[in-house]
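End of the sequence shown = 446 in the working numbering, gap-free, step of one.
No lab work stands behind these hints: they were computed from the structure. Heads up, a few of these hints could be off.
For each label pair, taking beta carbons as the anchor points, the in silico distance ranges come out as [stated by the list, open to error]: (1) L212 to E293: 20 to 30 Å; (2) V430 to R325: 46 to 56 Å; (3) L236 to L212: 30 to 40 Å; (4) A415 to F295: 42 to 52 Å; (5) P208 to P294: 23 to 33 Å; (6) G239 to S353: 47 to 57 Å; (7) L314 to P348: 39 to 49 Å.
Backbone N, C-alpha and C define an ideal beta-carbon position, used for all residues, glycine too.
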Amino acid sequence: MSVSRPEEGFAAGSSGYRRVLAVLALGGLANFALIYFVQPLLPEFARVFGIEEGATGAALSATTLAMILGLLMAGPLADHLGRIWVMAGSLILSGALSALCAVAPSWEVFLILRAAAGIALAGLPAIALAYLREKVAASAHAKANAIYIMGTGLGGAAGRLLPGPLSGLGGWQLVSLVLGVFSVLVGVAVVVLLPGDRHTRFPFSVLDIATGTFSLLRSGRIALVCGLGFSSMAVFVGVYNAVSLRLETEPFAMTPEQAAVLYLAYPAGLLAPAFSRRLAERTGRPVAVMLGIAGMAVGAALTTPDAVLSILLGLGLLTFAFFTAHSVASGWSVDGAHRAGLDTARASSLYLIFYYAGSSVSGTLSTHIWSAAGWFGVLGMMGVWIVLGLACALVLARQERSR
44 MSVSRPEEGF AAGSSGYRRV LAVLALGGLA NFALIYFVQP LLPEFARVFG IEEGATGAAL
104 SATTLAMILG LLMAGPLADH LGRIWVMAGS LILSGALSAL CAVAPSWEVF LILRAAAGIA
164 LAGLPAIALA YLREKVAASA HAKANAIYIM GTGLGGAAGR LLPGPLSGLG GWQLVSLVLG
224 VFSVLVGVAV VVLLPGDRHT RFPFSVLDIA TGTFSLLRSG RIALVCGLGF SSMAVFVGVY
284 NAVSLRLETE PFAMTPEQAA VLYLAYPAGL LAPAFSRRLA ERTGRPVAVM LGIAGMAVGA
344 ALTTPDAVLS ILLGLGLLTF AFFTAHSVAS GWSVDGAHRA GLDTARASSL YLIFYYAGSS
404 VSGTLSTHIW SAAGWFGVLG MMGVWIVLGL ACALVLARQE RSR
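Start from the sequences, fold in the hints, and give me the full structure.
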């Protein structure tokens, strides 16, 4: 079997290619599981910590908001320390902080630990796609990106499906501990198994953190792709945050363990990365993204009736459509920066800053809107994000045609 030369990157199917993808996919799984395991536990947090249901969305928003700070630092840190050490440190530190959440004595301490974990969690997703572009042959970039995104999808699925049975055995604390330890182990695997990056080291600069990443917004195309990330994530997290609270009220009155059944819709998203790659190749990226956003709109609408089957189908379509749009847009940000001669790691970070800003804003608002205006209020807010996403996609489509 022929092995590609190091400067060309690992060829698809080679042992190096499989090792890099396996470790990064596991990293994506651990990373996203730590971000999202709190989502199905929001009603339990309200009971355990004695807080209002509308305030529980902060368990996720504190993490995703803090990730924005981490994403600003990840690119310069990777320039200074190397991508391997930033990705490994991200997994190990976030895992340790999440394990500490299990012994948080109060809601305030829990949120502080979640925010600290959020800063650490940003390292892996900010660097992973740029690392893949360096290590994998150009002909395999799209497939490798899709496999990594599938790993993050598995993490999101694990983060939403495991809390039900694990919390039944040992409360939410067991969930936090198990997922934290898993992340630490994967972080060690990153150091041991992944080949070092060839990235030139640069001095660490605070000024560079403040200005370097956001300077990429001068590229209108990258700015619009970031808008896609914000809007699609806002819809996705907003619906999932609010639905966990909706299922515990009449006419459903589900326990957390029963409500976890609805998260079986989440694995539908695992099929989306491979589908989105083929769709983008056939229709172009703007059309693929618009179809993804339109699918999210239909999925959200299907959750309207007070019927478990309809909600399950709606969440399944919403999840599949979200990962279709996100898979295309995340790769688009990196490829666009590469073609323009811009820093790919920082372009990935910038996309994720807007992506998690959408999560933070909508994740917090959706639980408050649910408490104040019910499910129709939540869907109204989702409609605003959908219109924003479609507008960005339409402008991008016009730009692509004029190239």
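Original post:
How does the Cβ-Cβ distance of L314 and P348 compare with 39 to 49 Å: does it lie in that range?
Top reply: Once the Cβ atoms are compared, 25 Å apart, the range 39 to 49 Å for P348 and L314 is violated.
**OP:** With respect to the beta-carbon atoms only, verify the hint that P208 and P294 lie 23 to 33 Å apart.
**Re:** Holds - the Cβ-Cβ distance for P208 and P294, about 25 Å, lies within 23 to 33 Å.
**OP:** Note whether the CB distance of G239 and S353 lies within 47 to 57 Å or breaks it.
**Re:** With a Cβ separation near 50 Å, G239 and S353 satisfy 47 to 57 Å, so the hint holds.
**OP:** Please test the hint of 42 to 52 Å on the beta carbon pair from A415 and F295.
**Re:** 19 Å, violated
**OP:** Could you tell me whether the CB distance from L212 to E293 stays inside 20 to 30 Å?
**Re:** With Cβ atoms ~28 Å apart, the hint holds.
**OP:** Determine whether the Cβ-Cβ distance between L236 and L212 falls within the hinted range of 30 to 40 Å.
**Re:** 31 Å, holds
Original post:
Regarding V430 and R325, is the given constraint of 46 to 56 Å on their beta-carbon distance met?
Top reply: 26 Å, violated
Consistency note: the structure conflicts with the earlier hints numbered 2, 4, 7.
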